[in-house]
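Top line first, the protein sequences correspond to chains U and D.
Mapping to this note's numbering: the first sequence position 27 is 27, numbers consecutive.
Mapping to this note's numbering: the second sequence position 30 is 30, numbers consecutive.
If you're looking for bench data, these hints aren't it; they were derived computationally from the structure.
Some clues are possibly wrong.
Taking lysine-lysine and the DSS-like style, the derived pairs with C-alpha atoms no more than 30 Å apart in a straight line are [what the hints assert, rightly or not]:
#1 Lys325(U) / Lys358(U)
#2 Lys38(U) / Lys104(U)
#3 Lys141(D) / Lys300(U)
#4 Lys151(D) / Lys141(D)
#5 Lys111(D) / Lys227(U)
#6 Lys146(U) / Lys81(U)
#7 Lys38(U) / Lys227(U)
#8 Lys38(U) / Lys141(D)
#9 Lys146(U) / Lys141(D)
#10 Lys111(D) / Lys81(U)
To give an idea of the interface, some chain U residues facing chain D are shown, with a C-beta separation under 8 Å as derived from the structure [as the list claims (entries may be wrong)]:
#11 Tyr66
#12 Trp174
#13 Ser196
#14 Val203
#15 Arg238
#16 Val331
Note that beta-carbon positions come from the ideal geometry of N, C-alpha and C, so glycine has one too.
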Amino acid sequence: MTASPTLRTRASTGIQVVDDRLHGGFPRPATLLLFSEKPTDKRIFAENFAIQGLRAGERTLCVDFYRTPSLARNDLLRFGKYPEDRLIFVDALSSSLLVETREKYAIADLDTLGEIERAIVDAIDAEQPDRIVIDSMEFLTDRFAKAAVMETWRRIVEACRAAGSVACLLFLNWTYFERDLEAIRTMSDFVIEFQSSMRGGIVRNSMRLSEIAEGGLSTNWIPYAFKDLVGVTVYFPRILVIGPYHAGKSTIVQSLAERAISVERMGTTVAFDYGNVNLSGIEAELFGTPGQERFEFIFKIFAREVSGILLVVDATRPEDFPRAKHMLELVGPRIPYVVLGNKSDLPGALDPDVIARKLELPEGTPVLATVATDGRGLKEGLRVLSEMIIGVR
Amino acid sequence: MDPTRFPADYSVLLSGPPGVGKFEFIVSQLREAKRAGERTVFVTLDLPPREIRARANNLGVDLEPIEGRTFVFVDCYSATSAERLETASEKRVYTVSSFSNLEGIGMALSKASQELGTPVRIFFYTVSSLYLHNSAAAIAKFFQIVTGRVKANMGFILYAVQDGVHDPMTMNLLRSLVDGVVEMRFTDSLDREYRLHHMRGFRADPSWRPFVEMPGPAGGLP
Chain U
1 MTASPTLRTR ASTGIQVVDD RLHGGFPRPA TLLLFSEKPT DKRIFAENFA IQGLRAGERT
61 LCVDFYRTPS LARNDLLRFG KYPEDRLIFV DALSSSLLVE TREKYAIADL DTLGEIERAI
121 VDAIDAEQPD RIVIDSMEFL TDRFAKAAVM ETWRRIVEAC RAAGSVACLL FLNWTYFERD
181 LEAIRTMSDF VIEFQSSMRG GIVRNSMRLS EIAEGGLSTN WIPYAFKDLV GVTVYFPRIL
241 VIGPYHAGKS TIVQSLAERA ISVERMGTTV AFDYGNVNLS GIEAELFGTP GQERFEFIFK
301 IFAREVSGIL LVVDATRPED FPRAKHMLEL VGPRIPYVVL GNKSDLPGAL DPDVIARKLE
361 LPEGTPVLAT VATDGRGLKE GLRVLSEMII GVR
Chain D
1 MDPTRFPADY SVLLSGPPGV GKFEFIVSQL REAKRAGERT VFVTLDLPPR EIRARANNLG
61 VDLEPIEGRT FVFVDCYSAT SAERLETASE KRVYTVSSFS NLEGIGMALS KASQELGTPV
121 RIFFYTVSSL YLHNSAAAIA KFFQIVTGRV KANMGFILYA VQDGVHDPMT MNLLRSLVDG
181 VVEMRFTDSL DREYRLHHMR GFRADPSWRP FVEMPGPAGG LP
């Protein structure tokens, strides 16, 4: 067994906006509670976390009460190739399926809580893994007496800590009450809550991270998606690009997007621009709306499910600013927005602070100088907006 | 109401003793949905998909032409049985690793509905198998959440449940969490009967009627 080269570095999630705020990832040791009250896609986050570790040269220990190790290994291939030799399983199912285990560690009797605990703790003690995933704790809470489960939970957390590991404990709460949950939270360093809902026939996932320690990190709901061979990314299903006529909205969408389409007539957008953006772990669907008043009905169509807004103004045309302000109001309050002072390379372009003053923006509203035609400032604008949406700015 | 056609956003519990024809009832529903061009999902906890295809075929309903198009399986059976998992080269099947994985079942329903497009009609066969592996309290919450999600975002769901294997409290709880209950039974001469026990929002006739052999003109229901 070789010592891991990575013990002193943090445990990255692979989701850059989150890692940035965690100064590179979770500290070691740390216990993460992956929690939900309803069925969600949190397993995909845990798998992503395991894969990130494996690819960074870390050793990961998995306990899966629902899948045989071979099935779980196979499922991980959705992320693409990964170094399989660093992935260690505590086989929870072979004994109940009455087959011989091929793993180094196995739970001999799934009907005995003490046996489950012993197998898991022994494996952690012996392997001292960098990351641990236990999927999932409701298997225990649903089968054994609460007091005993809470003791087991505590000892597993202690073993993870003693090993210096970052541990993901998945937990869907079917039956526990708030005071039990409070005790479980206090055994954790971070709680990541998950939600899954269906809107317009499409499953939307989001998560929210909070550090238990006072004054620690806490985020807004972060929408995320999974892509085969890529993994988990932050995913904004709708970011509106709005602004007065001829401010450069279409150019911005086309410049940021890998793929873009525009419905336009004689050089101006008459329906909308659409672009799919992939930028350092963030995927976003940009929708550019037409600037002219006669197309305002389009706002109503797009206003639902908006994550954030890029408000584009022509920095040389302050006479259009009232119109820009009006458009912002049309979309509605409380949606994060960033102002892009476009055409900032042209003579007479106003500085961001002047634009902020003339638009009478609230204190702290980000205004960036951009040049849509050569892409200057655009990625930065989207990054700032992402951080505002996620609540880490 | 027409006993063969349930509303598009509705939840139904189908109860009856083993062998009374719950599976046939569901197949008749699949046939009607197929005729109407509706999308359907079969959640199986008791049988592998190949056996369901074969048994439906014996009842005169060929699922082959619609599978992967307007019909998909959520297979909660094969992964924990000796059954070989249907591989990716075959029809799209949503596999759930184990029927103790309630979260996985819930998400597979959402994903199957997303793939087919909504509204869908979901047939869950059977709830009783859940009780072999999960606590009654967890199942009750699962049942409530899934039924709510289906009705709000996906469409219709029918749960089959074995009569005579659960305690009366459990049955009453399940009955209270759905819009309607269809009961099936054997008569003294082992003929089969069904009735609409109650149907929220409809005036349902609760009298027992004969359940005839499939295939019948309206899928087993006269």
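Status of the hints after comparison with the structure:
{"no.": "1", "hint": "Lys325(U) / Lys358(U)", "in the structure": "holds, 10 Å"}
{"no.": "2", "hint": "Lys38(U) / Lys104(U)", "in the structure": "violated, 33 Å"}
{"no.": "3", "hint": "Lys141(D) / Lys300(U)", "in the structure": "violated, 37 Å"}
{"no.": "4", "hint": "Lys151(D) / Lys141(D)", "in the structure": "holds, 16 Å"}
{"no.": "5", "hint": "Lys111(D) / Lys227(U)", "in the structure": "holds, 14 Å"}
{"no.": "6", "hint": "Lys146(U) / Lys81(U)", "in the structure": "violated, 40 Å"}
{"no.": "7", "hint": "Lys38(U) / Lys227(U)", "in the structure": "holds, 22 Å"}
{"no.": "8", "hint": "Lys38(U) / Lys141(D)", "in the structure": "holds, 9 Å"}
{"no.": "9", "hint": "Lys146(U) / Lys141(D)", "in the structure": "holds, 18 Å"}
{"no.": "10", "hint": "Lys111(D) / Lys81(U)", "in the structure": "holds, 24 Å"}
{"no.": "11", "hint": "Tyr66", "in the structure": "holds, 4 Å"}
{"no.": "12", "hint": "Trp174", "in the structure": "holds, 4 Å"}
{"no.": "13", "hint": "Ser196", "in the structure": "holds, 7 Å"}
{"no.": "14", "hint": "Val203", "in the structure": "holds, 5 Å"}
{"no.": "15", "hint": "Arg238", "in the structure": "violated, 17 Å"}
{"no.": "16", "hint": "Val331", "in the structure": "violated, 25 Å"}
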